[in-house]
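With the hints as constraints, model all of the structure from the sequences given.
Under my numbering, think of the first position of the first sequence as 2, with each following residue one higher.
Honestly, I wouldn't trust all of these hints.
Below, in silico cross-link-like pairs of lysine-lysine (DSBU-like), each with a Cα-Cα straight-line distance of 35 Å or less [what the hints assert, rightly or not]: (1) K362 to K415; (2) K399 to K362; (3) K399 to K298.
Rather than coming from a laboratory, the hints here were simulated on the basis of the structure.
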Amino acid sequence: MPTASLLEGFTMTDKAKPVLRFAPSPTGMLHIGGARTALFNWLYARHTGGTFLLRIEDTDRERSTPEAVAAILNGMAWMGLNWDGDVIYQFARAGRHREVAETLLKQGSAYRCYATAEELNQMREAQRKAGKPVRYDGRWRDRDPKDAPVGTPFVVRLKARNDGETVVHDLILGDVRFANDQLDDMVLLRSDGTPTYMLAVVVDDFDMSVTHVVRGADHLNNAARQLQIIEAMGWPAPAYGHLPLINGPDGQKLSKRHGALAVEAYRDMGYLPETMRNYLLRLGWSHGDDEIIPTAKAIEWFDFGAVGKSPARMDYKKLDNLNGHYIRETSDDDLVAELTAFLERRSPPHILPMMARERLKSAMASLKERAKTLVQLDQGAEFLYADGPRDLDAAAGKILGPEARALLARTLPKLEATDWSAMDLESAARSFAEESGLKLGDVAQPLRAALTGKTVSPPLFEMLSLLGREESLIRLRAYAA
RNA sequence: GUUCCCAUCGUCUAGCGGUUAGGACGCGGCCCUCUCAAGGCUGAAACAGGGGUUCAAUUCCCCUUGGGAGCACCA
2 MPTASLLEGF TMTDKAKPVL RFAPSPTGML HIGGARTALF NWLYARHTGG TFLLRIEDTD
62 RERSTPEAVA AILNGMAWMG LNWDGDVIYQ FARAGRHREV AETLLKQGSA YRCYATAEEL
122 NQMREAQRKA GKPVRYDGRW RDRDPKDAPV GTPFVVRLKA RNDGETVVHD LILGDVRFAN
182 DQLDDMVLLR SDGTPTYMLA VVVDDFDMSV THVVRGADHL NNAARQLQII EAMGWPAPAY
242 GHLPLINGPD GQKLSKRHGA LAVEAYRDMG YLPETMRNYL LRLGWSHGDD EIIPTAKAIE
302 WFDFGAVGKS PARMDYKKLD NLNGHYIRET SDDDLVAELT AFLERRSPPH ILPMMARERL
362 KSAMASLKER AKTLVQLDQG AEFLYADGPR DLDAAAGKIL GPEARALLAR TLPKLEATDW
422 SAMDLESAAR SFAEESGLKL GDVAQPLRAA LTGKTVSPPL FEMLSLLGRE ESLIRLRAYA
482 A
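Structure follows, in structure tokens:
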């Protein structure tokens with residue numbers, strides 16, 4: 002029976018609507034795979050008007066940390082995945098889990114196993130040597146409890162059926178069948194009396210009225226085992242959906258070696274949450290030929306039927322392209338705010354002066370065309386941050402040789418004669434180039450190098466005008482000879 | 001080893017028995033152009049292999065091969 006106290010938190014739960022959950026274990030950051038699992042759960046809940054719960058699986062006291070919990074919550078918040086009701090902490094429910102184990106024990110669906118760790122290791126070793134499948138051999142399954150050694154610690158194991166088969170009806174993979182004799186008697190309660198994950202998920206999902214268990218495909222095998230517990234308790238089974246895993250660009254398992262696994266790392270690399278949602282969604286899910294799928298559309302369209310079955314690889318080039326799209330799509334004001342916040346998050350924080358923000362705002366329309374990430378946006382905007390002559394980067398230094406400096410010097414009077422509007426500046430430069438038998442580009446590149454310190458920038462004459470006559474001339478004169 | 005899952009361009013994918021096998025990223029070319037982008041046009045690029053089923057297989061079935069996951073008193 003569900004405990005009353007637990008259900009109180011979910012008064013908003015509509016019994017007729019789906020209930021989904023994301024259930025990470027707080028042993029590390031929210032990584033990209035977890036983020037996608039959370040996203041798919043969230044999308045389906047929002048699509049159906051159902052409920053999306055967050056449960057922290059912290060039954061492993063050794064490895065669970067408060068820092069990891071915070072990281073997961075932050076990651077979810079950044080991704081824009083809001084959950085309904087309060088966060089549920091699994092460890093707090095250990096009493097209830099034990100209660101279920103007791104019930105199982107009482108009704109004969111579970112038994113005490115007194116095998117020691119060394120004993121089990123030997124057993125597995127022998128099985129491996131003999132080339133046999135490695136699994137618990139059921140040595141205490143049918144023993145008379147009277148044989149139990151007194152005062153020895155024991156675990157509680159499920160007395161699983163070993164005939165017939167268990168079928169996982171999967172929303173994504175279809176029916177997956179497991180012969181019951183392949184599944185051994187899993188531990189429900191450890192020798193210290195704490196519940197294992199296998200027991201805890203089943204009990205919590207039932208108590209939380211979860212209707213759809215959607216998680217990584219690494220749990221597919223577990224589904225069969227969990228179904229056995231559910232069957233033993235006579236509970237209704239949830240619908241399952243196992244998402245294919247995400248691999249690294251090389252097709253191998255996504256690991257630290259590929260870098261940047263935590264969702265926060267993507268934030269720090271300058272990706273927008275909307276980009277991450279769109280990218281992760283398309284990694285394994287499709288809607289015809291659609292590529293650009295804003296979150297609102299995703300909610301409208303999402304369904305498990307269109308989830309692919311095969312594992313996908315991360316493609317950073319495509320991520321960049323998508324991010325560039327969403328950066329261009331973002332309003333100039335919002336981007337200034339994003340970039341400002343991004344720079345302030347840095348260590349050490351970079352606080353932009355008011356003047357720089359003003360310039361940023363004016364230049365943003367041009368700047369954002371050229372950036373795929375906030376990092377690139379920052380780099381492209383650097384020349385706006387402070388006054389005075391620019392330091393030249395390598396390429397700009399190469400351009401501003403003696404000849405170019407002389408040309409720059411000859412160009413200056415022509416510019417000074419204008420009203421410093423972009424249009425006037427450009428036509429002055431054009432006619433000067435024509436008179437000198439040069440192309441506009443020949444005249445423009447030295448100007449650009451001196452003005453920005455780089456060979457790449459937003460349109461030159463716009464930038465001259467934006468920086469103003471005074472500031473521009475200071476920068477240009479510094480390199481005119 | 002064993003159980004389970006998967007298999008269309010380099011990558012993400014559309015396809016749900018009959019298609020010139022489509023789109024996107026990336027790559028090449030052209031156009032635009034003060035640089036770089038953005039944008040437009042365009043090119044190269046795929047049904048892992050072998051058996052069946054069928055008038056007809058990318059599509060359905062089997063095998064092989066290749067990837068991946070699970071096999072703990074972790075989750």
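These are the hints, each one checked on the structure:
1. K362 to K415: OK: K362 and K415 at ~28 Å, within 35 Å.
2. K399 to K362: holds, 31 Å
3. K399 to K298: violated, 49 Å
In summary, the structure is inconsistent with hint 3 from the numbered list given earlier, while agreeing with all the others.
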